[in-house]
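Please take these sequences and the hints and turn them into a complete structure.
Quick note, the sequences are listed as chains H and G, same order. Okay, so the first sequence: first residue is 1 according to this note's numbering, each after it adds one. Okay, so the second sequence: first residue is 376 according to this note's numbering, each after it adds one.
None of these hints come from the bench; they were simulated from the model. All values reported here derive from a predicted model rather than from experimental measurement. Do not take every clue at face value.
[What the hints assert, rightly or not] FRET-style restraints, in silico, Cβ to Cβ:
#1 T204/H / D458/G: 27 to 33 Å
#2 N145/H / P406/G: 52 to 58 Å
#3 A583/G / I326/H: 54 to 60 Å
#4 K202/H / Q420/G: 49 to 55 Å
For every residue, glycine included, the Cβ atom is placed at its ideal position computed from N, Cα and C.
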Amino acid sequence: MKIKQACYLLLAVTLMIVTAEYYQSKPRPTALNGFSAPFVYGQFTTPQNNPLTNEAVALGRRLFYDPLLSGNNKLACSHCHQQKLAFTDGMKNSMGVSLKPLSFNTPSLVNLMWGPQHFFWDGRVNSLEEQALLPIINVDEMDQNLDELIDELKAVEQYQRLFSKAYGAINKQNIAKALSAFQRTLISANSKYDQFLAGTIKLTDEEEFGRKLFVAHPDVKASLRGGNCIDCHSQFLTSGFNTKYDGFTNNGLDNEEQLLPGLQAVTGKPEHKGLFKVPSLRNIALTAPYMHDGRFNTLAQVMDHYNEGIKLSSTLSPLIVEANNIVNGNKKKPSLNLSMEEKKAIVAFLHTLTDEQFIINTKFSDPFLQEIKIE
Amino acid sequence: MNNRIRLSLSFLLILVIIGICGLSWYKANSPRQLTINFSAVVGQQPLVYNQINYPNPGGPGLFKIRDFQFYISNIRLLSEQGDYIATNSYHLARFDNEKTIYTIQFNNIPNRSYRAIEFAIGVDEKANGTIISQGDLDPNNRMAWSWDVGYKFILFEGGLQHGDTLYPLVYHVGFNENYRKLSYPVQGELQASVDFKVDIMKLFNGQANLNMAELSSIKFDRNDTRFLADNYEKMIIAVKQQPAK
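And the structure:
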């Protein structure tokens, strides 16, 4: 009898030790609390090997705001992606540690699980995970050696803890995964437009006039006036379309001689020359300057471009050339031929896409500042 | 002893018979697969995107196709033993792949004797009036207009080269009245794979052939869109089945 009892005891102890070992060695991340996605944005997927968890998002957020990620330990991702500007920087050209103005404008980080799943202006990577490390190692942006970064992170006790809870090891893949997980939570869906869609508020007459123009492709024959925005910017997301490269377009910024490679650099196809990613217009009033190279300072200038500044080239979208609000428009000089009042109304509608909560949501803000406050 | 052997043999025989019956029953009743292929051509020519090499159907110049896609929906197989009705059956057919083929695959078709395949071009009124994502319907995709207009059923974009001018070509057709149901009889037994040809040129060939230089865009004019719908109703042609080997 005694032997039997001893055996049971031994078994129980072994089981406890094994369980404890198991729990210690394998991270047990928990599904993200309070996560919801707006119905009108439709379905989305997260990578199977990188689900949204509290631990991954907390780690990603800390990394996003940590200047340790740059070579000189001075610039974090949030240097160019500032929450108060809907994760842009207000500059014409992005500028990193080299202080060289780069050839592109910092894109906003918003609703990244929808719209084109090709990232950077030319769509050269196909996931956020692939994207995440590239600005870190780019010599002009954050200029960081990844092995050094891993050593630096390993030296911080808090990162040891956060990584082991979220993923396990501190390595390149897990840094990329954590940054991606955090960025996927940056959902903006509480603008005036969203409240209008939910039926809780009304738009002003001018905003509603602008909304109608926004969603209409003009058709003179059917007496329909339109701003033609929706041909590239989907109705709810206001981003480019998600399938294949449908979310990339040549919007007439440059003539044939000045046309940059754009998407052609990725696909090698001549029909993709000068095509760039169509950005989300969410919070667009906060993300000036505009276009992939930041060439326009104001939304009024953007409207003028689409209305009367289109430059012809071989890959220019036929939807842009064809869209006209007057009969027998000049095909060699495409113009929407909107009135001043109509242009103003569209800009008024664009202002309804600003989400005041998104830019102050503490879930997205700098965790280091919050720590200081608590101390 | 003798009796025992006889008993065992009879038992075995019964088992074998049950097995054979069961297997043939299973074969007759187990679900089967069906592949439907839509292969795009432009008249007598293969579909090559972004190449100016197709004649304007009703006028001068040559045209190119930048994009061509349309909704195939509500696929059903008709049978005296009960129709097979596909669920969430909204398929956005696109042909921008190496073989310019769009394929729909079904894995659980009841094994019945089918006499016809039916489907429609476009989106039925009910689905066209909601923003619920089902099948390939997505209110944020390229086929969606605004929610109060519904979906484009068919999208054709390209350009017409005439003289030194490249005219933009934009043909977008939607509206409930342009939803077109199609029916194709099944010759003999339904094969595992059914092939259709989609002749894009037929979109512009109707009572009159469309002159792209005159009418380079069709979107919301009801008469023009009906003209294209009457044409696309005839653009999908069943390819004669090869007899089963």
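Indices of hints not satisfied (ascending): Checked against the structure, the hints that fail are numbers 1, 3, while the rest are satisfied.
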